[in-house]
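Numbering-wise, this note's numbering comes out as the position in the sequence shown, counting from 1, plus 8.
Please keep in mind that the hints were generated in silico from the structure rather than gathered at the bench.
Calculated cross-link-like contacts (lysine-lysine; reagent style PhoX-like; alpha-carbon spacing at most 20 Å): (1) LYS150 x LYS241; (2) LYS202 x LYS187; (3) LYS89 x LYS172; (4) LYS137 x LYS150; (5) LYS137 x LYS246; (6) LYS130 x LYS150; (7) LYS246 x LYS68; (8) LYS105 x LYS208; (9) LYS187 x LYS210; (10) LYS210 x LYS105; (11) LYS210 x LYS184; (12) LYS130 x LYS71; (13) LYS68 x LYS137; (14) LYS71 x LYS150; (15) LYS252 x LYS241; (16) LYS202 x LYS96; (17) LYS172 x LYS184; (18) LYS172 x LYS234; (19) LYS68 x LYS130; (20) LYS216 x LYS184; (21) LYS150 x LYS252; (22) LYS234 x LYS89; (23) LYS65 x LYS150; (24) LYS252 x LYS58; (25) LYS58 x LYS137; (26) LYS65 x LYS252; (27) LYS71 x LYS137; (28) LYS71 x LYS241; (29) LYS216 x LYS105; (30) LYS68 x LYS58; (31) LYS71 x LYS246; (32) LYS184 x LYS202; (33) LYS208 x LYS184.
Quick list of simulated restraints, FRET-style, between CB atoms: (34) GLU100 x ASP169: 27 to 33 Å; (35) LYS202 x GLN180: 16 to 22 Å; (36) VAL125 x ILE44: 58 to 64 Å; (37) GLU100 x SER138: 51 to 57 Å.
Just so it is clear, CB atoms sit at the ideal spot from N, CA and C, and this is done for glycine as well.
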Amino acid sequence: MIKFFRKIRYELMNQNKTSKYFKYAIGEIILVVIGILIALQINNWNENRKDRAVELKILKSIKNDLEQDIVNINDMIFFDKRCIANNKDLIEILDDKSSTYHERMDSLFGMINRYGVFYSQKIGYESLKSRGLELIQSDSLKADIVSLYDNHYGLVYETLDIKKQFYLSSNQIFLKELKSTGGSKDQNSVHYKKPVNFRKLKNNDNFKNHLSHYYYERINVLNFTKTALDEMKRVLAKINVEIKTIMND
9 MIKFFRKIRY ELMNQNKTSK YFKYAIGEII LVVIGILIAL QINNWNENRK
59 DRAVELKILK SIKNDLEQDI VNINDMIFFD KRCIANNKDL IEILDDKSST
109 YHERMDSLFG MINRYGVFYS QKIGYESLKS RGLELIQSDS LKADIVSLYD
159 NHYGLVYETL DIKKQFYLSS NQIFLKELKS TGGSKDQNSV HYKKPVNFRK
209 LKNNDNFKNH LSHYYYERIN VLNFTKTALD EMKRVLAKIN VEIKTIMND
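Can you build the whole structure from these sequences, using the hints too?
Here's what the structure looks like:
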């Protein structure tokens, strides 16, 4: 009987040891898993920090591009507004039966079909596309940037092409009725022209109708350009907010 109880006692002691070893092993596994999770979290944090640094750099580049583009497109708008005003003055002069030629009209005739141009800066956006659009964490900002460059900028390029086509087609009508007032060495001679015959020109319905059509088309094109400018300013404002957010993280 004594041997029986000793055997039971021995088995219980072995079971206690096994249980302790098992609990110890479980504890070790949990610590290892926690360590791995912490390491992964730190690694993810470091990678996110690196990505945010790259995002910040690209957003600053796009910001600089947009600021310059806004200056450039404002210059184009200013020039086009001047051309529109000149066209309006010419229309009124040619429709006025009492008007007579004066050399101050030379600048109006010289600018009759000139137009402003726009050269965009896209270094930042091209860099973003090469890195991957997913680099921008804000989905709203990412969508706005893509829409600006792929849609609104495309509209500006289309208006530039329209203005170029107007210029080329109108040359066939305008230039044969006008002559340069400057000499061959005068760099500004292209901006000053006078009618070959002012009195006949006032009765040239084809010339006047073309000028009137050109005038209203200029206004339409200008409105498209202003829409693109407004979108540039809006997206620039959002980029400035995001840059501040990243820098404060």
